[in-house]
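Participant: Sequence:
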Amino acid sequence: MNMKRTRFVLWVIVAAMVLMGAGYAAWSQTFTINSTVQTGHLYVKVQKAIEDPSIDIDEGVNSTTVNFTITDMYPGKSVQHVLRFTNQGTMPVRLKFNSGTYPENDPLWRDLVIEVNEEEVKSAGDTDIEDVGNKIAEILTNPVLAVGITRDITITQTLDISSTDETESSSISWSLGFVFEQYNAPVINP
2 MNMKRTRFVL WVIVAAMVLM GAGYAAWSQT FTINSTVQTG HLYVKVQKAI EDPSIDIDEG
62 VNSTTVNFTI TDMYPGKSVQ HVLRFTNQGT MPVRLKFNSG TYPENDPLWR DLVIEVNEEE
122 VKSAGDTDIE DVGNKIAEIL TNPVLAVGIT RDITITQTLD ISSTDETESS SISWSLGFVF
182 EQYNAPVINP
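Numbering (the numbering used here), first residue to last: 2 to 191.
Not one of these hints is a red herring.
Below, a list of computed lysine to any residue pairs in the SDA-like style, where the Cα atoms sit at most 25 Å apart:
| # | residue 1 | residue 2 |
| --- | --- | --- |
| 1 | Lys49 | Val148 |
| 2 | Lys78 | Ser124 |
| 3 | Lys49 | Pro104 |
| 4 | Lys46 | Val180 |
| 5 | Lys49 | Ile150 |
Estimated spans, in silico, between C-beta atoms of each pair:
| # | residue 1 | residue 2 | range |
| --- | --- | --- | --- |
| 6 | Thr165 | Val62 | 40 to 46 Å |
| 7 | Glu167 | Ala147 | 44 to 50 Å |
| 8 | Thr102 | Ala147 | 28 to 34 Å |
| 9 | Tyr44 | Lys78 | 33 to 39 Å |
| 10 | Pro108 | Pro144 | 36 to 42 Å |
| 11 | Pro187 | Pro104 | 37 to 43 Å |
| 12 | Gly126 | Tyr44 | 35 to 41 Å |
| 13 | Ile51 | Met92 | 25 to 31 Å |
| 14 | Asp59 | Thr37 | 32 to 38 Å |
| 15 | Asn99 | Thr37 | 31 to 37 Å |
| 16 | Thr70 | Gln183 | 31 to 37 Å |
| 17 | Gly126 | Val62 | 34 to 40 Å |
| 18 | Thr72 | Pro144 | 35 to 41 Å |
Source of the hints: derived by calculation from the structure; they are not laboratory data.
Keep in mind it's a predicted model, so treat the numbers as computed, not measured.
Even glycine gets a Cβ: it sits at the ideal position worked out from N, Cα and C.
Input sequences plus hints: build the corresponding full structure.
Facilitator: Here is the structure:
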């Protein structure tokens with residue numbers, strides 16, 4: 002009799018556990034989360050605001066090189082170029098001066114005065130191009146070039162009035178290279 006009772010209790014326990022499992026399954030819920038992530042893109046369109054055959058623009062992936070060719074200059078003559086930068090991407094960007102090429106020992110380069118938005122960044126006698134590139138980057142992305150924003154930069158090149166005959170009948174080519182980078186706003190923790 003004890004054996005029957007033990008068996009009966011075991012069957013009751015097994016049946017209870019099966020029913021508990023069925024009850025748990027009947028009351029449980031499964032859900033699935035699906036997600037799609039699409040990243041943005043970085044694209045700054047650089048173009049001439051005014052048609053100008055003395056400027057050539059080479060666009061690369063997230064970088065641009067602007068090539069200038071200066072001819073037919075004489076002391077006191079100025080040429081003006083207007084570059085237009087438009088952020089056509091989906092994120093704010095910063096512009097950094099990357100590189101520049103210039104004829105360092107050329108008398109025409111030496112005597113050339115360059116202004117960016119009416120601020121002198123290279124005076125006669127200076128041969129470095131870095132200040133020119135950095136000034137353009139500062140103007141364009143101070144603080145950033147936001148999505149959809151267009152900014153024009155005016156570059157004026159003037160042959161210094163005291164330039165000598167060394168610069169007569171000469172021409173020069175020089176370039177500025179820029180890299181566009183994603184701008185991440187600083188996170189401020191409360």
